[in-house]
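Next come the chains, spelled out residue by residue.
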Amino acid sequence: MTEQAARPGIPAMFTQPPPIRDPLVTETLDLQNATLAKCLPFLKGIHSSQKDFNEHGVPALQRDEHVSYLYDSLEDYPEGFVAMDASRPWILYWGLAGLAMLGEDTTRFRERVVATLRPMQNPTGGFGGGHGQTSHVAGSYAAVLALAMVGGEEAFGLVDRHAMWQWLGRLKQPDGGFRVCEGGEEDVRGAYCAMTIISLLDLPLALAPGSQARDAGLETLTSGLPEYLSRCQTYEGGISGSPGSEAHGAYAFCALACLSILAPPEEIFHRHMDMPLLVSWLSARQSAPEGGYSGRTNKLVDGCYSHWVGGCWPLIESSLAGKPTSTEPPANSLSSREGLTRYILACCQGNNGGLRDKPGKHVDSYHTCYVLAGLSATQNHHYRTDTSVSSKNFSSSFSWKSSPNRSADNVFSRGDRLAPFHPLYMVPHKAAEEMRLWSEAHPLTV
Amino acid sequence: MGETTYSTDPEWADVTPIELDDGSNSSVMPLASIAYPPEYLEATSYLRAVMAANEMSERALKLTEAVISMNPAHYTVWIYRAKILFALNKDLNEELDWLNDVSLKYLKNYQIWHHRQVLLSSKPHFPTIPAKETTFLMEMFAQDSKNYHVWTYRHWLVRHFKLWDSPQELQDVEYLLKADIRNNSAWNHRYMLRFGPRDTDSPDAGMVNAGDIEKMPSEKGRLTVVDEEMVDAELKFAQEAILRAPENMSPWSYAKGVLRAAGRGLEEWEGFAGKFVEGGGVKSSHAVEWLACVVAERGEKEEAVRLFGMLEEVDPIRKNYWGYRIKSVEAAA
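Sequences listed follow chains A and B, in order.
Sequence positions in the first sequence follow the UniProt record's numbering and run 1 to 446.
Sequence positions in the second sequence follow the UniProt record's numbering and run 1 to 333.
Treat each hint with caution, since some may be false.
What the hints assert, rightly or not - Calculated lysine-lysine pairs in the DSBU-like style (CA-CA distance at most 35 Å, straight line):
id : chain 1 : residue 1 : chain 2 : residue 2
1  : B       : Lys-108   : A       : Lys-44
2  : B       : Lys-275   : A       : Lys-361
3  : A       : Lys-323   : B       : Lys-275
4  : A       : Lys-38    : B       : Lys-105
5  : B       : Lys-327   : A       : Lys-44
6  : A       : Lys-358   : B       : Lys-215
7  : A       : Lys-392   : B       : Lys-215
8  : B       : Lys-108   : A       : Lys-358
9  : A       : Lys-51    : B       : Lys-327
10 : B       : Lys-215   : A       : Lys-401
11 : A       : Lys-401   : B       : Lys-327
12 : B       : Lys-319   : A       : Lys-401
13 : B       : Lys-162   : B       : Lys-132
14 : A       : Lys-38    : B       : Lys-108
15 : A       : Lys-44    : B       : Lys-319
Stated by the list, open to error - Have a look at the derived ranges for each label pair, beta carbon to beta carbon:
id : chain 1 : residue 1 : chain 2 : residue 2 : range
16 : B       : Pro-127   : A       : Asn-351   : 52 to 58 Å
17 : A       : Ser-395   : B       : Ser-24    : 38 to 44 Å
18 : A       : Glu-55    : B       : Thr-224   : 57 to 63 Å
19 : B       : Asp-9     : A       : Lys-38    : 48 to 54 Å
20 : B       : His-160   : A       : His-162   : 32 to 38 Å
21 : A       : Lys-38    : B       : Arg-244   : 48 to 54 Å
22 : B       : Gln-143   : A       : Gly-9     : 52 to 58 Å
What the hints assert, rightly or not - Derived, one-sided and incomplete: chain B residues facing chain A with beta-carbon distance under 7 Å:
id : residue
23 : Arg-48
24 : Gly-196
25 : Ala-210
26 : Gly-299
Simulated from the structure, these hints should not be mistaken for laboratory data.
Ideal placement from N, C-alpha and C gives every residue a C-beta, glycine not left out.
Produce the complete structure using the sequences and hints provided.
Right, dumping it as structure tokens:
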């Protein structure tokens, strides 16, 4: 078999196996080799499905096709999708978020989003995955963010914030963490989703009567939470879903974003995380030569980690930059933005719109959303300033700004720029800020 | 399947089903509506009704099984099922047998594993670990040796039944590492068996001292009482793994964690790591990083910069990170 040469403009490190490879074959290596073989024609820019290459040998973002795919993802599903019955708030979130990054106006969906979510809200607080389903923090997170993206009185007013506050109090655990639903598991996702909801909706922090955590002596929804997250750091340096499990990229984002809501990253990260160990582990998640991220040590590259791991970098970089000032700090990238951009644009775009885990996998709206989020994060420089739209608690969460990244390792075309997203809330900055300001203007009395 | 059953079944005649409201009743078209199969629509309508009444009955239990068979990702039905099982004082071993089949059928599902944990949490039912439990987990690992939910469950199991020193735990870890020395989940489990916190009166943690506000994050993992013999054996185990595949990151990280737990420095592996770096080309980027950390700690700036520079060559995707390490070395007093 003759090895077909790569398109011009692509450095060899993105088209050749890593410099050091062990001969010992195990299942892990077999899977890695198979993945590399699948990715190589895409990385080299020689796969027949790719088009519109730039001078770096990178195919263009098929913007119109992704937009169509995402609009379609918000419409009807055939009966084979019954497994998504408990994830309909997520379908809304992924679709709207993807469209927002691609520059589409999501406010046009306001009425339909409200109509869809209304039956999922429970009078006892929170949103379930569908009508008659137990309220769940993940579904509630997706619902609240979908409402933020469509904006407006009707959307913000849909949420029963008082009941939400009481319900979150019942999820709070004596060890500082949150369960994902009553009777459900406790994990880092629960913590991040809860803090997102609490801070965007400006909920009172005191624990509501009837809270198990309150009976155990905790005072607020945030009590013991940083310590809980600290206990999720593993000997590898990464962060697990719950204490004692394996370090995992998706949970790393949830934990770091949750900490960054609780306090400025430059303060709280250093207090609760072994930073050198964390940064080393995070950096080791970038796969070579693919350029994308894996979620765990010795696991395969997957497009969704473009966000879960890639989205950790702005938070880490901000924590290392120190106290914010009135001016933009210099952009110091600790990862290969070029590698990630190449993986996303060369390997993750489906033939007819939508983005995917890796070549050979089907596109879906989850991957479309989080692969785009990874691309958006790498195209922009996210930093905190010393001003916030909020002067209340969690004000630092509302002090993030961004500017287009102009560094030399930009290998995407000018037309491929995506809108920046708030690095903690994963919606446009304006959507997060407006929901927060509306909530502050409608204080809850408890 | 295909024919509707509950509406014509006398057993269900007293229940008024609660029809699905997916937003279609409003003046606008809802988003992401699903064309549910009629039998799913009907079953979930009855589910909503019995859940609303908090019914704890045999028929409701059967209904949860029907819904699970059509959509195992329906988390609500699992929670309801667990409640019914306890309320009716059902045979939980029978439930486990059923659950084993469901788990093997839906390998990616994770509601199953929380459900299993809820069952086994019941001390009256399970004062000790059920006999076939670890055998079944190994059956799961035979399908996917890195299944995150199964490993998370197994970690919980170890802590709940205090199995850190159970020979079965280490034996299974070693079996899996023998099959694939790169199975990082198995390495993580080994670390928790050897060095994880064992005080079940305090909350669990990936490392001891974590979450203790009196201690610095750099003190995470540091044991107060160290079994040096065990530490040496674990270091030897890691070295043997590294010799088989030097570029495998798992045992290098493991060894770092072991030394951290023991309060011993990285320099004791300077000679070992050196074997993979000098003479005949670099055999392990992790060995280079190890040496770079050792010399940086000793304040040998020039050598540290040289080694981190070498990493820019052998691990180029992390060039920016190595550059950051170089800057940190240069900035150090």
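Here is what the structure says about each hint:
1. Taking the CA atoms of Lys-108 of chain B and Lys-44 of chain A, the gap is about 32 Å. The hint holds against a cut of 35 Å.
2. Taking the CA atoms of Lys-275 of chain B and Lys-361 of chain A, the gap is about 41 Å. The hint is violated against a cut of 35 Å.
3. Using a Cα cut-off of 35 Å, the hinted pair Lys-323 of chain A and Lys-275 of chain B is violated, with the two alpha carbons roughly 43 Å apart.
4. Our distance criterion of 35 Å between C-alpha atoms is met by Lys-38 of chain A and Lys-105 of chain B, whose separation comes to about 28 Å.
5. Distance check on the hinted pair: Lys-327 of chain B and Lys-44 of chain A sit about 33 Å apart at the alpha-carbon level, within 35 Å; holds.
6. About 42 Å separates the Cα atoms of Lys-358 of chain A and Lys-215 of chain B, which puts this hinted pair outside 35 Å; it is violated.
7. Proposed proximity of Lys-392 of chain A and Lys-215 of chain B is supported: the alpha carbons are some 30 Å apart, at most 35 Å.
8. For the hint linking Lys-108 of chain B to Lys-358 of chain A, the alpha-carbon distance of about 18 Å falls within 35 Å, and the restraint holds.
9. Distance hint between Lys-51 of chain A and Lys-327 of chain B is unfulfilled; the C-alpha atoms sit about 40 Å from each other, more than 35 Å.
10. Between Lys-215 of chain B and Lys-401 of chain A the alpha-carbon distance is near 33 Å, which keeps this suggested pair within the 35 Å criterion.
11. Taken as a hint, the Lys-401 of chain A and Lys-327 of chain B pair is honoured in the structure, with Cα atoms around 26 Å apart against an allowance of 35 Å.
12. Among the hinted pairs, Lys-319 of chain B with Lys-401 of chain A is consistent with the structure: their alpha-carbon atoms are about 27 Å apart, no more than 35 Å.
13. As the CA atoms of Lys-162 of chain B and Lys-132 of chain B are separated by approximately 17 Å, the hinted pair is consistent with the 35 Å bound.
14. With a C-alpha separation of about 23 Å, the suggested pairing of Lys-38 of chain A with Lys-108 of chain B holds against the 35 Å cut-off.
15. With a C-alpha separation of about 21 Å, the suggested pair Lys-44 of chain A and Lys-319 of chain B falls inside the 35 Å cut-off, and the hint holds.
16. Judged by the Cβ atoms, the range 52 to 58 Å given for Pro-127 of chain B and Asn-351 of chain A holds: they are separated by roughly 57 Å.
17. Distance hint check for Ser-395 of chain A and Ser-24 of chain B: the Cβ-Cβ separation is about 41 Å, which falls inside the suggested range of 38 to 44 Å.
18. For the pair Glu-55 of chain A and Thr-224 of chain B, the beta carbons lie near 59 Å from each other, so the given range of 57 to 63 Å is met.
19. Range check, Asp-9 of chain B to Lys-38 of chain A: Cβ separation about 50 Å, and the 48 to 54 Å hint holds.
20. Hint check: His-160 of chain B to His-162 of chain A, Cβ distance near 37 Å, so the stated range 32 to 38 Å holds.
21. Taken as a hint, the range 48 to 54 Å is violated for the pair Lys-38 of chain A and Arg-244 of chain B, whose Cβ atoms sit roughly 27 Å apart.
22. At roughly 42 Å, the beta carbons of Gln-143 of chain B and Gly-9 of chain A sit outside the given window of 52 to 58 Å.
23. The criterion of a C-beta within 7 Å of any C-beta in chain A is met by Arg-48 of chain B, whose closest approach is roughly 4 Å, and the hint holds.
24. Taking 7 Å as the C-beta contact cut-off toward chain A, the hint placing Gly-196 of chain B at the interface holds, the least distance being around 6 Å.
25. Interface restraint check: Ala-210 of chain B against chain A, minimum CB-CB distance 5 Å, threshold 7 Å, status holds.
26. Against a cut-off of 7 Å between C-beta atoms, the interface hint on Gly-299 of chain B is violated, since the closest Cβ of chain A lies about 16 Å away.
Checked against the numbered hints above, the structure breaks hints 2, 3, 6, 9, 21, 22, 26 and satisfies the rest.
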